[in-house]
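Protein chains in written order, with my numbering: chain A, 1 to 249; chain B, 250 to 510.
By construction, these hints were calculated from the structure, which means they are not laboratory data.
Here the structure is a predicted model, which means the values were calculated and not measured.
Take the hints with a grain of salt, since some may be wrong.
Stated by the list, open to error - Cβ pair distances, simulated, as ranges:
| no. | chain 1 | residue 1 | chain 2 | residue 2 | range |
| --- | --- | --- | --- | --- | --- |
| 1 | A | S94 | B | R370 | 37 to 47 angstroms |
| 2 | A | L10 | B | P369 | 47 to 57 angstroms |
| 3 | A | R85 | B | D288 | 36 to 46 angstroms |
| 4 | B | L483 | A | E245 | 37 to 47 angstroms |
| 5 | A | D81 | B | S303 | 29 to 39 angstroms |
| 6 | A | L238 | B | R376 | 21 to 31 angstroms |
Glycine included, C-beta positions come from ideal geometry on N, C-alpha and C.
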Amino acid sequence: MRHLWPLALLTAAVGVWELVVRAAQVPDYLFPAPSAIASALGSDAGLLASATLVTLREVVLGYLLAVALALALAVALHFSDALRRALLPILVLSQTVPTVLLAPVLAILLGYGITPKLVVVAIVCFFPIVVNAVDGLRSTDAELVQMMRTLHGSRLAIFRRVEVPGALPAVFSGARIAATYAAVGAVFGEWAGSSAGLGFVMLQAQPALLTARIFAAVLILCVLALALYAAVSLAERLLVPWKLEVAHA
Amino acid sequence: MSHPILEVEAASARDTAAGVALTGVVRVLGGRRVLDGVDVRVPFHGRLGIVGRSGVGKSTLLSLVAGLDEPDAGSVTVCGRASAPARLAQCALMPQRDCLLPWRTALDNACLALENSGVPRKEARRRAAPLFARLGLAGAELLRPAHLSSGMRQRVAFLRTLLAGKETLLLDEPFGALDAITRAELQEWLLAALAGEPRTILLVTHDVEEALLLCERVVVLADGRVALELDADLPREVSRRELVTSPAFLELRERALEAIG
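Next up, chain A with everything else stripped away, as it sits in the complex (with noise of 0.2 angstroms):
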């Protein structure tokens, strides 16, 4: 029921869409209707259909690669001081350097293969996973804290049973805001060299002026990146499923 309205904005917005278009007599390679990227998805299917599983294949992979090494660098951060304190605004500059630059780079250092693109994946998904899981980690409750070391709680402990589970929802928020720049991420990647996959895709229809093709692509990467962002909050309410709780007490 609550997607209902943007559901309706949406039709309504495609219907407005399609009836410009082709009451303007606009072109399909200048700009195609709804109607023409439907069954440019039909067509092409195919082509597609291979050019989304690489493209998948890089968003999972890169994601998770992300995922593992913000995680690890968080607690690296949470348990050293000076680590954090040396490296948090390295972290923070390094967000002003555009990925879109970092891509043709990253394709001379590690070539063609499926690896530079998990790494610019894991570059844009990185930063919002890390920055969330410190401070969800440092903003554990002190009170808490102090009833855990008189109940025979040591550092680990206090870890394990409080400071994690404690951050799991701050995580989990950066997790999708990841999910969000994945898919945006592997497109980058294969822009600066690739020979599969939708970025590809779409760099081969452009000269090809296949205008629909582009845009069918286009709507792949929505879907994934929201299938991405779904499977996430999944995990989010198997994971914490006291969060809801808490919310409503």
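Chain A is already provided as a structure; the job is to place chain B on it using the hints.
The following block gives chain B in isolation, referenced to the frame of chain A:
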């Protein structure tokens, strides 16, 4: 002739050594002498109530006893040991907020101290479960804190403190956030629980009645010092209502309230 005297001496030595003792304790926080020469003694398995206005240093005192903080002057000993880690090893603190972990069930919250000391979770649950039944928490074992009433949460928090297996329990306004009816219920409950599991208790509260009901001695803190020390020598066998309206109780209450100022 000398035998009984020796025994008394031995007992009193054991009392001071095994209980809690603060001698000339000074603690300065933010330039203010929050505690300014506090002397307090609690015998082994004795129950001391600490009352006073808010900000008078009651919680600071508990932190010092717990070994979470060090005095600027004077000494604090728990079971005869003075170092902060030794005090920490002897004391379990129950904070004013229940501080239950929202991701753990009531039973697993109560098991926390056991798990922290290396007891496997299954074994910890097996040990904690009988206490739930005995202390009126049967049926709440598998509920997470969000599904417990405030009174139940406080009971679980106390159980968690008790299961730490420490001789000294530091209770910081344990019932401060409860409504009057639930609070009276939990005071009775606490007395019953402690009758079965005697411990050395330091109870911080702003409620003089609560301190007199639950403790054998009550000290009033004011201006960083012990302004008054009362022996709550009351007829405990009568009902709560009779007790709180008895002249002895009212007189003690009056004296404490006066000292609080």
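So, going through the hints one by one against the coordinates:
no. : hint                                : in the structure
1   : A:S94 x B:R370: 37 to 47 angstroms  : 41 angstroms, holds
2   : A:L10 x B:P369: 47 to 57 angstroms  : 53 angstroms, holds
3   : A:R85 x B:D288: 36 to 46 angstroms  : 43 angstroms, holds
4   : B:L483 x A:E245: 37 to 47 angstroms : 43 angstroms, holds
5   : A:D81 x B:S303: 29 to 39 angstroms  : 33 angstroms, holds
6   : A:L238 x B:R376: 21 to 31 angstroms : 29 angstroms, holds
In summary, the structure agrees with every hint in the numbered list given earlier.
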